[in-house]
Each structure stands twice: as C-alpha cells, then as structure tokens.
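These are the residues of each chain, in order.
2 protein chains.
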Amino acid sequence: MPQLGLLHWRAWTVLLGQLRRPPGAVCIRAVRSHSQVAEALFTSQLKPHQEKSNFIIKTPKGTRDLSPQQMVVREKILDVVVSCFKRHGAKGLDTPAFELKEMLTEKYGEDSGLIYDLQDQGGELLSLRYDLTVPFARYLAMNKVKKMKRYHVGKVWRRESPTIVQGRYREFYQCDFDIAGQFDPMIPDAECLKIMCEILSGLQLGDFLIKINDRRILDGIFAVCGVPESKFHAICSSVDKLDKMSWKDVRHEMVVKKGLAPEVADRIGDYVQCHGGISLVEQMFQDPRLSQNKQALEGLGDLKLLFEYLTLFGVAEKVSFDLSLARGLDYYTGVIYEAVLLQTPVHAEEEPLNVGSVAAGGRYDGLVGMFDPKGHRVPCVGLSIGVERIFSIVEQRMKIFGEKIRTTETQVFVATPQKNFLQERLKLIAELWDAGIKAELMYKNNPKLLPQLHYCENMGIPLVVIIGEQELKEGIIKLRSVASREEVAIKRENLVAEIQKRLSES
Amino acid sequence: MPQLGLLHWRAWTVLLGQLRRPPGAVCIRAVRSHSQVAEALFTSQLKPHQEKSNFIIKTPKGTRDLSPQQMVVREKILDVVVSCFKRHGAKGLDTPAFELKEMLTEKYGEDSGLIYDLQDQGGELLSLRYDLTVPFARYLAMNKVKKMKRYHVGKVWRRESPTIVQGRYREFYQCDFDIAGQFDPMIPDAECLKIMCEILSGLQLGDFLIKINDRRILDGIFAVCGVPESKFHAICSSVDKLDKMSWKDVRHEMVVKKGLAPEVADRIGDYVQCHGGISLVEQMFQDPRLSQNKQALEGLGDLKLLFEYLTLFGVAEKVSFDLSLARGLDYYTGVIYEAVLLQTPVHAEEEPLNVGSVAAGGRYDGLVGMFDPKGHRVPCVGLSIGVERIFSIVEQRMKIFGEKIRTTETQVFVATPQKNFLQERLKLIAELWDAGIKAELMYKNNPKLLPQLHYCENMGIPLVVIIGEQELKEGIIKLRSVASREEVAIKRENLVAEIQKRLSES
Numbered sequence: 040m041p042q043l044g045l046l047h048w049r050a051w052t053v054l055l056g057q058l059r060r061p062p063g064a065v066c067i068r069a070v071r072s073h074s075q076v077a078e079a080l081f082t083s084q085l086k087p088h089q090e091k092s093n094f095i096i097k098t099p100k101g102t103r104d105l106s107p108q109q110m111v112v113r114e115k116i117l118d119v120v121v122s123c124f125k126r127h128g129a130k131g132l133d134t135p136a137f138e139l140k141e142m143l144t145e146k147y148g149e150d151s152g153l154i155y156d157l158q159d160q161g162g163e164l165l166s167l168r169y170d171l172t173v174p175f176a177r178y179l180a181m182n183k184v185k186k187m188k189r190y191h192v193g194k195v196w197r198r199e200s201p202t203i204v205q206g207r208y209r210e211f212y213q214c215d216f217d218i219a220g221q222f223d224p225m226i227p228d229a230e231c232l233k234i235m236c237e238i239l240s241g242l243q244l245g246d247f248l249i250k251i252n253d254r255r256i257l258d259g260i261f262a263v264c265g266v267p268e269s270k271f272h273a274i275c276s277s278v279d280k281l282d283k284m285s286w287k288d289v290r291h292e293m294v295v296k297k298g299l300a301p302e303v304a305d306r307i308g309d310y311v312q313c314h315g316g317i318s319l320v321e322q323m324f325q326d327p328r329l330s331q332n333k334q335a336l337e338g339l340g341d342l343k344l345l346f347e348y349l350t351l352f353g354v355a356e357k358v359s360f361d362l363s364l365a366r367g368l369d370y371y372t373g374v375i376y377e378a379v380l381l382q383t384p385v386h387a388e389e390e391p392l393n394v395g396s397v398a399a400g401g402r403y404d405g406l407v408g409m410f411d412p413k414g415h416r417v418p419c420v421g422l423s424i425g426v427e428r429i430f431s432i433v434e435q436r437m438k439i440f441g442e443k444i445r446t447t448e449t450q451v452f453v454a455t456p457q458k459n460f461l462q463e464r465l466k467l468i469a470e471l472w473d474a475g476i477k478a479e480l481m482y483k484n485n486p487k488l489l490p491q492l493h494y495c496e497n498m499g500i501p502l503v504v505i506i507g508e509q510e511l512k513e514g515i516i517k518l519r520s521v522a523s524r525e526e527v528a529i530k531r532e533n534l535v536a537e538i539q540k541r542l543s544e545s
Numbered sequence: 040m041p042q043l044g045l046l047h048w049r050a051w052t053v054l055l056g057q058l059r060r061p062p063g064a065v066c067i068r069a070v071r072s073h074s075q076v077a078e079a080l081f082t083s084q085l086k087p088h089q090e091k092s093n094f095i096i097k098t099p100k101g102t103r104d105l106s107p108q109q110m111v112v113r114e115k116i117l118d119v120v121v122s123c124f125k126r127h128g129a130k131g132l133d134t135p136a137f138e139l140k141e142m143l144t145e146k147y148g149e150d151s152g153l154i155y156d157l158q159d160q161g162g163e164l165l166s167l168r169y170d171l172t173v174p175f176a177r178y179l180a181m182n183k184v185k186k187m188k189r190y191h192v193g194k195v196w197r198r199e200s201p202t203i204v205q206g207r208y209r210e211f212y213q214c215d216f217d218i219a220g221q222f223d224p225m226i227p228d229a230e231c232l233k234i235m236c237e238i239l240s241g242l243q244l245g246d247f248l249i250k251i252n253d254r255r256i257l258d259g260i261f262a263v264c265g266v267p268e269s270k271f272h273a274i275c276s277s278v279d280k281l282d283k284m285s286w287k288d289v290r291h292e293m294v295v296k297k298g299l300a301p302e303v304a305d306r307i308g309d310y311v312q313c314h315g316g317i318s319l320v321e322q323m324f325q326d327p328r329l330s331q332n333k334q335a336l337e338g339l340g341d342l343k344l345l346f347e348y349l350t351l352f353g354v355a356e357k358v359s360f361d362l363s364l365a366r367g368l369d370y371y372t373g374v375i376y377e378a379v380l381l382q383t384p385v386h387a388e389e390e391p392l393n394v395g396s397v398a399a400g401g402r403y404d405g406l407v408g409m410f411d412p413k414g415h416r417v418p419c420v421g422l423s424i425g426v427e428r429i430f431s432i433v434e435q436r437m438k439i440f441g442e443k444i445r446t447t448e449t450q451v452f453v454a455t456p457q458k459n460f461l462q463e464r465l466k467l468i469a470e471l472w473d474a475g476i477k478a479e480l481m482y483k484n485n486p487k488l489l490p491q492l493h494y495c496e497n498m499g500i501p502l503v504v505i506i507g508e509q510e511l512k513e514g515i516i517k518l519r520s521v522a523s524r525e526e527v528a529i530k531r532e533n534l535v536a537e538i539q540k541r542l543s544e545s
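Those protein sequences? They're chains A and B, same order as listed.
With the first sequence counted from 1, adding 39 to any position gets you this note's numbering.
With the second sequence counted from 1, adding 39 to any position gets you this note's numbering.
FYI, nobody ran anything at the bench for these hints, they're computed from the structure.
Among the hints, a few may not be true.
No copy labels: a pair is met if it fits in one copy or bridges any two.
Once the Cα atoms are required to be at most 30 angstroms apart in a straight line, the calculated DSSO-like pairs of lysine-lysine come out as [unchecked claim]: (1) Lys97 x Lys140; (2) Lys125 x Lys458; (3) Lys194 x Lys357; (4) Lys530 x Lys333; (5) Lys487 x Lys270; (6) Lys530 x Lys540; (7) Lys413 x Lys185; (8) Lys477 x Lys183; (9) Lys343 x Lys466; (10) Lys194 x Lys297; (11) Lys125 x Lys477.
All chains should be built: construct the whole structure from the sequences, respecting the hints.
Okay, here's the thing in structure tokens:
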C-alpha cells in the first residue's frame with residue numbers, strides 16, 4: 040500500500056480522535072421581515088450595543104462552517120486523496136462554481152430538481168454546479184480535448200433534504216479523477232477502481248467493499264424481462280433505491296408508480312437480487328435469457344476483463360459484482376461502481392454510522408458528445424470521492440480520543456518578562472519572519488511572562504525566544520524549549536541559525 | 040525576506056514565463072430558446088452524432104476554466120500566500136459559498152447591487168458571498184469567538200462588468216488574513232502590512248507601494264470641511280474613485296450627483312490630493328482645522344504609531360500615507376490600505392498592465408457587532424490578496440518565456456517494446472503505486488515503444504521502466520533515464536528500492 044508520509048496509522052488515529060465539536064450555532068428564531076432585519080442591521084452600525092434579540096444568525100440550511108480543527112482534518116483527508124490522484128499522473132483543472140443553466144439540463148435524471156439556480160438578475164441564466172463531471176465534459180467539448188487525465192477538488196451544491204447525521208450536506212466537497220479518451224477496453228476503468236482502493240485503504244477507515252455493475256447489463260436485463268425501452272431510465276432509478284429500500288417496496292414502486300406489469304417486475308427481481316464475484320459473471324454468461332442480449336453480453340465481457348485486471352492490481356477481492364447497483368445519474372453508459380464501508384466500528388463505544396457510499400463512479404461515453412456541436416464523442420471513465428461522508432466518520436471518532444491537535448504551525452514565540460520591550464520584540468520577530476521561521480508574539484505593549492508561556496503550551500509551540508534588559512545589554516537571547524522547559528543563552532547574531540538547526544532536528 | 044523554498048527567482052520566472060494560453064472557447068451564438076436547447080441535448084444522447092451547430096458552449100460571463108498549466112501557476116501563487124499566513128500563526132477556516140441574503144445586507148455600500156442572489160426555490164433567501172470578511176465576522180458572532188487569527192482562501196462572486204484584460208472576473212479567489220480581538224493599538228495592524236510586504240516581495244512581481252489612510256481621518260476631513268454627517272458614506276465613495284478618475288471629475292460627482300456645496304468640495308480637494316510619508320502625518324497634526332477634530336486626531340495618532348512599528352519591521356519605506364485612499368466598503372472604521380504594483384515591466388517586450396490594487400484591507404471594529412444579538416463588538420483588522428490580478432500579470436509574462444512547465448508529477452513510466460505484455464505492465468505498475476511512486480503507462484494492449492518514450496520526453500517524466508520477454512526470463516528490468524537516455528539492467532526485486540534511491544538523489 041502507498042506510503043502516506045505523515046499519515047501513519049498511529050498519528051492518523053490520534054489526529055482523527057483529537058477533534059472537538061465546534062461551538063454550536065446561535066440560532067434565535069426570527070419574527071421580522073427581511074427589510075426589518077436589514078433595518079436592524081443598519082441601525083446597529085450606528086448603535087452597536089442596542090438589544091436585537093430577534094435576530095437570526097446561522098449558516099444556510101444544509102451548510103456549515105469548518106472550524107480550524109475541522110480544517111486540519113479535512114486538509115489531511117484531501118492530502119491523501121490528491122496525492123493518490125497525482126501518483127496516477129493526473130493534471131489539475133478548475134471550473135467555475137456556476138454554469139449556464141442549460142449545460143446542466145437533462146444530465147441528472149430524477150435528481151435535476153435538486154439543482155440550485157441563480158436568480159435572473161439580467162443576463163444569463165445560471166445554476167450552481169451539481170457535480171464536477173458535467174463541467175469536465177463541458178470543458179473537454181469546449182476546448183476540443185480528446186484525451187485527458189485530470190483531477191478536480193471542489194465544492195458542489197445540491198438542494199437535498201439534509202440528514203446531517205449521515206454526513207449529507209447541501210454544500211459539499213467532491214474529489215474527482217477522470218480519464219477521457221479512446222483506449223483499449225477496461226484499462227482506465229481498472230485504474231479507477233485501483234485508485235478507489237488506494238484512497239480508502241490510505242484513509243484507514245476500516246474495511247470496505249466496491250460494488251460494480253454495468254449499465255448495459257441492466258439495460259439487457261430490462262430488455263429480456265420485457266420492460267419497454269421508454270421506461271429503462273425510470274426503472275433504473277427504482278433499482279437504484281435497493282440500497283435504501285427492500286425489494287418489496289422497490290417492486291411496488293415499479294408496478295404502482297411506474298406502471299410496470301407485475302410479472303415483468305418479478306423477472307427483474309430474480310436478477311437484481313444477485314451479487315457475487317467473477318463466478319457470477321460466468322453464471323450470467325450462461326443465463327438462457329441474458330445470453331441472448333447483445334448489450335448484456337458486451338457488459339459481461341468487459342466485466343470479465345475488468346476482473347482480470349483487478350486481480351493483477353491486487354484488488355479483486357475488494358470488488359463485488361452486484362446486479363442491484365444502478366447509480367442515479369443519467370449519464371452513465373457502461374461499468375458503474377460504488378464503494379461502501381463495512382460497518383466495523385474501531386471502538387466498542389462507537390455507534391455504527393450509516394454514511395452510505397463514500398466513493399462512486401463509472402463510464403460515461405456519451406456525455407462529452409452532448410456538448411459537442413457535432414456530437415463528437417469522447418469516452419470517459421472516472422470516480423468521485425465523497426469527502427464529506429468520510430469526514431463524518433472522522434467527526435464521529437472525535438468523541439473517543441482526547442489529545443489536542445495543532446491548528447497552527449507556529450515554531451517560535453517571541454516573549455519578554457519585562458515592560459517596555461515591544462520595540463525589541465518587533466525587531467526580533469521581523470528577523471525571524473524574514474528568515475522563513477513561523478513566529479508569533481502577544482499583541483500587548485507589556486505582557487506578563489506567564490501568559491506568554493501558557494499560550495505556547497496550549498498551542499503546542501515548541502520554542503520560545505526570551506528577551507529582557509539583561510540579555511539586551513549582553514548581546515544574548517534566551518532560547519527555551521517548551522517541552523523540557525530548558526533555557527540556553529545564545530548570541531543574538533546566532534539566533535536564527537540556532538533556531539533553524541533545532542527545527543531541522545525535530 | 041522569507042525563504043520561499045522552491046520559488047527562487049530563476050525558477051519562478053521560468054515558471055511564470057512558460058505558460059501558454061488555453062485553447063480558446065468555442066462560442067457559437069444560439070438562436071434557440073432554453074427548452075429547445077434542452078430538447079436538442081436530450082436528443083443528442085440518443086443520436087450523438089446529429090448536427091447541432093446552433094448550440095452555445097461557454098462558461099458564464101466573467102468566469103473561466105483554469106487549464107492544468109494555469110492551475111500549476113495558481114497553486115504556486117497560493118503556496119506563497121498561504122505559507123506567509125501560516126508563518127504568522129494563522130489558523131484555517133472555511134465558510135459556505137452562500138450566506139443568508141440578510142447577512143450581506145447593508146455591508147457593502149454602493150457595491151451591494153453586485154451581489155449574486157440565488158433563486159427562491161422555496162426555503163431561505165440566499166446570496167453568494169461577496170467577500171470573505173463578512174462571513175468571518177458572522178462566524179465570530181455566531182460562535183461567540185472573541186479572539187482569532189485566521190486565514191481563508193476561497194472563491195467570491197461579484198456581478199461586475201468584467202474587464203477581463205485587467206484581470207477582473209465575476210468569480211475570483213481571495214486570500215484573506217484577519218486578526219480579531221481587543222489588543223494594544225496598531226500591533227496587529229502593523230503585522231497585516233508586514234504580511235502584505237512579505238507576500239508581494241515573495242511573489243517577485245516588481246516594485247510595489249502600499250497606500251494607507253484612516254477612515255477617522257477622512258471623516259474628520261469631511262466634518263471640518265462642512266459635509267453633513269448623512270453624506271459621509273456617499274462622499275467617501277466618491278473619494279474612493281480618485282485612483283480611476285481625476286479630481287475634477289470626482290468634484291463634479293460630489294457637487295452634481297451628491298449635492299455637495301462647491302466650496303465644501305474644494306476644501307475636501309485640498310486634503311485628499313495630499314500624500315507622503317510620516318512627515319505628512321506630522322503636517323496634518325499641525326493643520327489648524329483638522330487638529331480641532333477628535334476623530335481625525337485619533338486616526339493621526341494611530342498612523343504615527345503604525346509608522347513606528349513599520350520602521351521596526353523594516354517596511355516603512357514601502358508605505359505611503361495617501362489622503363485620497365477611501366476604500367469602497369462600508370464596514371471599515373479605522374486604518375485602511377491598498378497595495379499597488381509600480382509599473383516597471385520586467386522585460387522590454389511587456390506592455391504595462393493596469394491591474395489596479397493587488398492587495399487591500401483595513402480595520403473594521405463594528406462589523407462583528409452588527410451580527411451579535413446584543414451588539415457585542417470584536418475589533419478586527421485584516422487584508423485580502425487579489426490572486427486573480429496577480430495571476431493576470433503572470434499570464435502577461437507567459438508570452439515572453441519559452442520553456443515548458445510540468446502539469447503532472449509522474450516519476451516513472453512503465454513501458455514495453457513487445458506485444459502481449461499488458462499483464463506484466465499492470466502487475467509492475469501496481470507495485471510502484473503501492474510503494475508510493477508516481478507512475479503511468481499507456482492504456483493500450485500493444486503499444487509501440489517509440490510513442491511511449493516520446494510521451495515521457497514531452498511530459499518531463501524522468502525515468503522509464505522497460506520490460507520485455509528477455510528481461511522477464513532473466514528476472515531483470517531495464518531502467519532508463521529519459522534525459523541521458525542511459526539504460527541499466529536491475530534485478531526485478533530491487534526495482535522499487537533503486538527507483539526510490541534515484542528519485543531521492545535528483
């Protein structure tokens with residue numbers, strides 16, 4: 040498995056364990072109209088101490104701030120993800136947070152209602168991006184790029200009913216890796232699955248499983264079971280709910296809501312309740328009905344090849360062929376996959392947390408062509424890591440461990456025990472900054488020594504430089520190690536070199 | 040000045056110089072309605088090769104994609120900025136891309152019309168954030184945080200008429216550093232100016248100047264000149280235009296649009312056309328009218344102290360007291376500042392590029408209180424780096440240099456000269472990935488050797504592993520240096536160690 044630098048298991052669990060919940064949001068219900076609130080705000084600027092207890096202060100529904108502690112954890116998670124993408128040769132790309140509304144139209148099936156639209160303020164009609172895949176396809180078509188391996192880390196927005204306990208938000212990060220281009224079958228697809236395994240192993244979230252299926256196999260099943268072609272998308276959406284609903288309920292939806300004949304639904308049921316490894320692929324090849332369908336055979340042939348490559352990559356045992364996997368999005372055309380964590384809490388105290396899928400993706404060979412004026416196709420396959428859901432697991436673990444994590448990287452604190460030493464402290468700290476040393480001081484003219492030392496202990500700052508009258512006269516500086524409380528006197532002119540030496544050793 | 044690690048002048052200029060413009064956007068004018076376009080899109084999924092030349096494909100007005108080359112440059116710029124923020128002990132923070140609309144109301148003065156609102160889709164009224172300062176103040180009030188030094192790098196959105204040649208976009212990155220809390224005067228303010236100097240020096244964009252002023256001095260000037268208090272904000276907005284308009288035009292606006300008496304405007308003109316160093320502060324202390332104004336005296340006293348600290352920090356010569364500096368935003372209450380680049384193109388071929396201010400900030404002691412239900416104040420001072428404008432300068436320089444920059448970090452390419460070696464290549468590359476080595480291969484069953492080697496040369500990949508039948512039999516692998524074209528045979532089992540050794544040496 041990849042060497043993750045700083046992220047050894049011990050350090051990582053300590054990190055994951057040390058966070059505390061951010062202070063809860065003050066949320067006072069409002070009874071005023073918006074203009075009244077605006078008025079209250081304006082008045083407050085003139086009379087800031089006026090009582091205004093009917094005032095709401097919160098983030099929008101389904102969104103949150105990330106505190107410094109949370110930022111440290113998120114950055115560690117993103118580090119693991121992005122390092123893996125770079126290990127596989129991906130280039131970075133960024134696209135705007137919003138797209139022309141029409142770019143997102145007819146790409147997301149039943150989920151399209153969850154797109155955030157911007158108000159028409161004169162000009163173009165815009166929507167916030169719903170994922171990073173459609174903007175990538177738009178980029179490829181717009182710039183006539185025929186081949187590209189890119190990663191993109193960015194926020195996306197969906198107007199879902201937020202169930203925040205499950206780690207679902209209306210604003211969340213996605214980390215996407217995609218390979219665009221015409222290549223020999225299943226080699227890029229296998230790499231995507233390998234990447235998912237590397238990232239989920241690297242994040243050390245416990246055991247996981249990747250379910251795979253193929254849209255062509257699903258379509259083949261629908262065809263041989265007797266679903267009219269016009270209902271393929273609708274029935275596919277129903278199958279997609281099998282991870283949250285029982286087959287009985289899904290069957291009910293197919294028959295009652297989507298008007299499928301009961302016997303057709305039953306035939307589908309026989310298939311979509313199967314899952315297994317490569318042997319299930321072989322079994323489906325022998326299936327008397329399915330083996331008559333050209334699309335299904337293509338899908339089965341590709342899955343067989345895919346399993347062969349996954350074995351060479353050493354990850355086949357993490358992957359399960361699951362005929363119930365459908366993926367909600369309209370744009371998939373071939374292999375699809377979704378990674379779920381297997382619920383084995385690391386600690387007995389932890390309650391199992393249902394976070395749903397933590398990574399997913401698939402092949403979408405038609406999407407770029409939808410944007411190209413001439414319909415030129417660029418086959419693509421990719422994956423998306425659900426960082427927010429992973430983050431939720433980490434937040435869950437926050438309750439268990441007790442050590443602090445550092446939210447700053449400060450290396451040296453410039454302190455004084457004496458009054459009227461601000462000038463000397465400012466001159467000294469500027470020298471440290473200019474030498475690239477991370478340094479802080481107290482923003483007080485005459486701070487007391489003890490609070491300065493306490494601050495260093497609380498913040499985990501390793502070194503303190505202490506300057507006073509005696510030191511100034513003798514041309515020396517005291518350098519204190521916060522951990523050992525040892526102090527040594529150093530010549531003023533050697534201070535920067537000595538600090539750099541100590542920092543490089545630690 | 041800070042040691043910026045990899046960013047030595049030579050490397051940096053090479054980097055800045057090597058970029059090429061991204062391929063231009065395909066932009067075909069549309070005559071169809073939105074629903075027709077949607078229909079066309081939907082149809083295209085079924086018939087992807089159908090001609091649809093009336094189709095627009097572009098990013099929204101005032102926005103752009105960043106190509107991999109541009110991403111490399113942007114990340115280098117952000118690295119310099121964020122390293123500096125961390126050197127000064129700042130913690131990270133993130134807030135949602137949108138806020139409740141009312142949170143942004145009455146914060147931005149005349150610019151409020153540039154806020155992007157989201158469509159009312161049922162629920163809360165939302166707006167995209169306009170800067171990172173108001174969300175920071177909202178965070179402090181909501182969580183009752185009284186003291187915090189934080190940085191935030193994120194996109195903000197403004198519906199400005201984009202003049203893209205000048206590096207102005209409707210979506211752009213801001214990099215903010217702020218110090219919240221009650222401290223002894225001007226110490227945090229001086230640190231903010233020091234940070235601006237460190238970043239602008241570190242980015243090596245040529246010479247720069249930081250203009251400073253104080254809102255209390257401006258208000259004092261308005262008071263002693265006879266401006267009615269109700270017009271302070273409006274007149275301040277006019278003064279703010281002095282960097283783009285002549286005094287004559289600004290005076291005209293004050294008198295004709297804002298109804299100021301001509302003689303009052305003339306009195307203002309005598310002040311706001313002054314700029315200089317610490318001596319101008321002394322001169323203003325002696326001014327017979329201004330010295331009668333309590334607010335102005337407070338502002339002048341603080342500026343005097345600020346210059347003293349800036350001298351200790353070694354940056355006073357970069358700072359100019361400029362009475363015309365007003366800053367458009369309503370929320371500033373004390374010292375304000377703005378950094379401009381002095382137009383000295385590095386190369387004779389470069390045309391001067393007017394990018395306006397590249398960094399700005401100031402003190403806003405009342406903003407947090409506007410969000411607090413009881414109006415509790417938390418004094419704040421901060422700065423914002425305009426990355427997009429800095430990026431524009433870099434893009435300008437792209438035309439001059441000629442070397443390539445790498446858009447991937449791939450270290451090793453796994454190649455073969457023979458047919459039917461896919462399995463061996465897949466096994467081998469998985470081994471490299473699992474050892475943390477950045478590796479790629481060609482997604483072909485039987486690639487030819489020459490295109491594989493050319494790809495390495497084009498992409499700057501330093502090492503190639505070559506495997507063939509002979510090697511497989513003998514249990515060896517060929518390792519090729521792309522630069523020297525030297526090849527050595529290595530035992531298969533020593534390959535990872537040998538690669539790691541070579542990479543650590545280079």
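Handout entry: Intra- versus inter-subunit Cα pairing at 30 angstroms for Lys125 with Lys477
Key = Intra 28 angstroms, inter 7 angstroms, cutoff 30 angstroms: intra and inter.
Practice task
Could you figure out if Lys97 and Lys140 sit no more than 30 angstroms apart (CA to CA) within one copy, between two copies, both or neither?
Solution key: The answer is both: 28 angstroms in one copy and 11 angstroms across copies each meet 30 angstroms.
Handout entry: Lys125 and Lys458: within-copy, between-copy, both or neither at 30 angstroms Cα
Key = For Lys125 and Lys458, only the inter-copy Cα distance (28 angstroms) is at most 30 angstroms; the intra-copy one is 52 angstroms.
Problem - Intra- versus inter-copy proximity for Lys357 and Lys194 (alpha-carbon distance at most 30 angstroms) - result: Classified as within: same-chain Cα gap 28 angstroms, cross-chain 38 angstroms, threshold 30 angstroms.
Handout entry: Homo-oligomer pair classification [Lys540, Lys530; C-alpha up to 30 angstroms]
Key = This pair counts as within: shortest intra-copy Cα distance 14 angstroms, inter-copy 39 angstroms.
Problem - Within, between, both or neither: Lys530, Lys333 at alpha-carbon 30 angstroms - result: Classified as neither; 82 angstroms inside a copy, 46 angstroms across copies.
Exercise for the section: Indicate which option fits the pair Lys413, Lys185 if close means a Cα-Cα distance not exceeding 30 angstroms: within, between, both or neither. Expected result: Only inside one copy: Lys413 and Lys185 sit 14 angstroms apart there, 59 angstroms across copies, limit 30 angstroms.
Handout entry: Within, between, both or neither, where Lys343 and Lys466 count as close if Cα-Cα is 30 angstroms or less
Key = Cα proximity of Lys343 and Lys466: across copies only (17 angstroms, versus 69 angstroms in one copy).
Problem - Lys487 and Lys270: within-copy, between-copy, both or neither at 30 angstroms Cα - result: neither (75 angstroms within a copy, 45 angstroms between copies)
Exercise for the section: Measure nothing new, just compare the shortest in-copy and cross-copy C-alpha distances for Lys194 and Lys297 to 30 angstroms and report within, between, both or neither. Expected result: neither (34 angstroms within a copy, 42 angstroms between copies)
Handout entry: Intra- versus inter-copy proximity for Lys183 and Lys477 (alpha-carbon distance at most 30 angstroms)
Key = between (45 angstroms within a copy, 28 angstroms between copies)
The structure does not agree with the numbered hints 4, 5, 10 stated previously, though it agrees with the rest.
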